[in-house]
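Residue numbers (the numbering used here), protein chains in the order written: chain A, 13 to 296; chain B, -18 to 232.
Derived by calculation from the structure, the hints in this document are not laboratory data. Here the structure is a predicted model, which means the values were calculated and not measured. Please note that a few of the clues may not be correct.
[What the hints assert, rightly or not] In the DSS-like style, the derived pairs of lysine-lysine whose C-alpha atoms are separated by at most 27 Å in a straight line are:
(1) A:LYS260 x A:LYS46
(2) A:LYS31 x B:LYS152
(3) A:LYS31 x B:LYS44
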Amino acid sequence: MLDSAARDRLPAAPGVGYKPQHFAQITADPGSVKWLEIHAENYMGDGGRPIAQLRNLSENFAMSVHGVGLSIGGEGPLDTDHLARLKHLVGWLNPASFSEHLAWSTHDSHFYNDLLPLPYTDTSLQRICDHINELQDTIGRRMLLENPSSYLAFAESTWSEPEFLAEISRRTGCGLLLDVNNVFVSATNLDFSPQGYINAFPLDKVDEIHLGGHDEDEDDHGRPLLIDSHGREVVDPVWALLDYTLAKSGPKPVLIEWDNDVPDWPVLEAEAARAATALERVPA
Amino acid sequence: MSVSQTEFTRAMMDAGQPVPDGLIDHQEQPAGRRFSVYRNNVAVSLTEAMHSAFPVIAKLLGKQNMDGLAGIYLRQHPPSSPLMMFYGEHFPAFLEGMEQLRHLGYLGDVARLELGLRRAYHAADAAPIAPDALGTLTPDQLMDTRLSLAPAVQVVCSPWPIHAIWRYNTKDGAPKPEARAEDVLVTRPEFDPTPQVLPPGGATWIRALMKGATIGEALEQAAAADETFDLGATLALLLQGGAITGLDSKG
């Protein structure tokens, strides 16, 4: 278990998920955007334009490295090659934050390129804590763990998600990344109160908030089934849930995620500006 | 009623399998098509990765055919690492193994060229030698010199006009490909991989250099492969591409 004192923090201001097509505009005029997040796995090549752009951006922006491929929730051991790649990236970039997901994506040496769900049991809790300890020891810093979007539940689960995340944070010293859109998606899909989830969440452990767009579908019984797609604007009820969260938590770094059908820069910047407005309403 | 990740992935990758027991909705009913979200996410994300990895193959085949082939490929060869930038290394051989694509014999080598371009894009940076560094050597010294090549350098050989096919499908106004064999050199001056057709014997010469042969030793192999081998023209391609990063003269 690592000391929970963070070495460096993201500003309590808006950030966006960085997309290479926005490089020129971000460097010319970032507008409301004060920090950037990258997906770790996209910057694990040996060189070329991606690494050069990242070096350039890190000179002007606080950076967050967000892993999408470590498979912390996997039943098998962590991939030591991938741990070494993360250590290398975090080592040279020295970002303000590193985060990963309460999910798995690798099984039997196959990577499925999606965040897959897991049951919340004492067994999975122990395994995840072991994996987080291994990661934090390897990269030599505290990580943030993000709550997932859920489309279904496991009959075997014995923990609620907020309690499960709180216990992981307590045991490992890791911080939490609260994705407010994921809360809204899961609450709709599994019919619970999103405000109740926020009330139960250990907000003092939250060092970053995510917002993103989702798609609407329905299940076999015609009930709404929201899909976390990161392909459009954040919807009004999610902005309202952000306000609800910030009123309880105080100001936090807030990230806009837009990974599919990536819009032109002004559209993404406008989402960040809306997050800035939400943050301005919160007493420090 | 626990659901192992082995059961989960088996059902996820094969829609013919039942949704595992133990996956439920909020009324404790079987998850049903809620599970399809994962089936769909994985198939769509890996199919999109194949489209962005092999844009020329996708254009040659058309979207629908590419989607269908990617759907088969991603189940036969799921990614073996989270580095999606390198996904698809088995795709050239996969294409060559498809009976219904036999009449498009060039697809495999065009896919190899696209893989090579992607590897070059992500390869380590390396500073080229000064432009006049070779000019200071006597002809004998030159023949005894070993060259270090940039990590971005790739060579793809084909009995098909793969460079012309690539160019015709990526550049407006490029001429229609004509039947001929093309060996292609990929270099990366700064950040953008640049494919160029090698003169006859050029691929043999560069591959010999990569294995540690001197310029002279590589020249013998290249001349044996093709008696018209043009050392000057091939060397110029490497120099123009910033592909020579070091010299080692014997003795």
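Taking the hints in turn, this is what the structure says about them:
no. : hint               : verdict
1   : A:LYS260 x A:LYS46 : 23 Å, holds
2   : A:LYS31 x B:LYS152 : 24 Å, holds
3   : A:LYS31 x B:LYS44  : 24 Å, holds
Of the numbered hints listed earlier, not one is contradicted by the structure.
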